[in-house]
Amino acid sequence: DAKTTQPNSMESNEEEPVHLPCNHSTISGTDYIHWYRQLPSQGPEYVIHGLTSNVNNRMASLAIAEDRKSSTLILHRATLRDAAVYYCILRDFYAGAQKLVFGQGTRLTINP
Amino acid sequence: EADIYQTPRYLVIGTGKKITLECSQTMGHDKMYWYQQDPGMELHLIHYSYGVNSTEKGDLSSESTVSRIRTEHFPLTLESARPSHTSQYLCASSERLAGVLTGELFFGEGSRLTVL
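For the protein sequence lines, the chains are H and F, in the order given.
If you're matching positions, the first sequence starts at 1 in our numbering and goes up one per residue.
If you're matching positions, the second sequence starts at 1 in our numbering and goes up one per residue.
Simulated from the structure, these hints should not be mistaken for lab results.
Be aware that a few hints might be false.
Claimed, not checked - Simulated pairs of lysine-lysine, BS3-like, Cα-Cα distance not exceeding 25 angstroms:
(1) Lys-57(F) x Lys-3(H)
(2) Lys-57(F) x Lys-17(F)
(3) Lys-99(H) x Lys-3(H)
(4) Lys-57(F) x Lys-99(H)
Please take these sequences and the hints and turn them into a complete structure.
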């Protein structure tokens, strides 16, 4: 399975944009890029996913490099409620959700 | 909002007791999962189910067992709890994967088990 690499932790300030990087140099052509986040004392929640093109939803934006070997999750205006562990995960087009591998993720701290 | 519920949220129990962690979802999802997560650590899949009467072991070996008699219900049981079972147990569900669908996982809030 293709692996992802994320920084262990990041820190940002409230109301500023946050760019969370993810490297996936061994990504295959059928791998989707998924992002989940886990708030303190909660189960993970889905944030966004994409294949090749940049994606936007109400929670975040996903910018995917042209060679797909890296991606960036963008929180446009961070709030204190965005403090969480963010997981970047690859899922093969044909694979079930049981193949999602939650690594260490990036622990995001938001300063007031 | 995800409609997946876990009970109890917190459980402190003595060694040797039998425990069952309940998980129910009202979304009609075929697939359900149990993950184990120690504080500050990664999630590990311990069991999953494709549907009624289907159960499979996950990537992490676990002494727990699961059953799937009804679509909406996926309980996890430990016949004899030990301190090494102390952890957080997270239940999740997803729709049957179909190509461009996300196959998104919906998680419950977790059951934090402490075995003394």
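query = CA of Lys-57(F) to CA of Lys-3(H), is that 25 angstroms or under?
reply = holds, 22 angstroms
inquiry  = Tell me if the straight-line CA distance from Lys-57(F) to Lys-99(H) falls inside 25 angstroms.
reply    = holds, 12 angstroms
key: Distance restraint between Lys-99(H) and Lys-3(H), which requires alpha-carbon spacing of 25 angstroms or less   = This hinted pair holds, its Cα atoms lying about 12 angstroms apart.
inquiry  = So if I understand the rule, the pair passes when the alpha-carbon distance is 25 angstroms or less; does Lys-57(F) with Lys-17(F) pass?
reply    = holds, 23 angstroms
When held up to the earlier numbered hints, the structure conflicts with none and fits them all.
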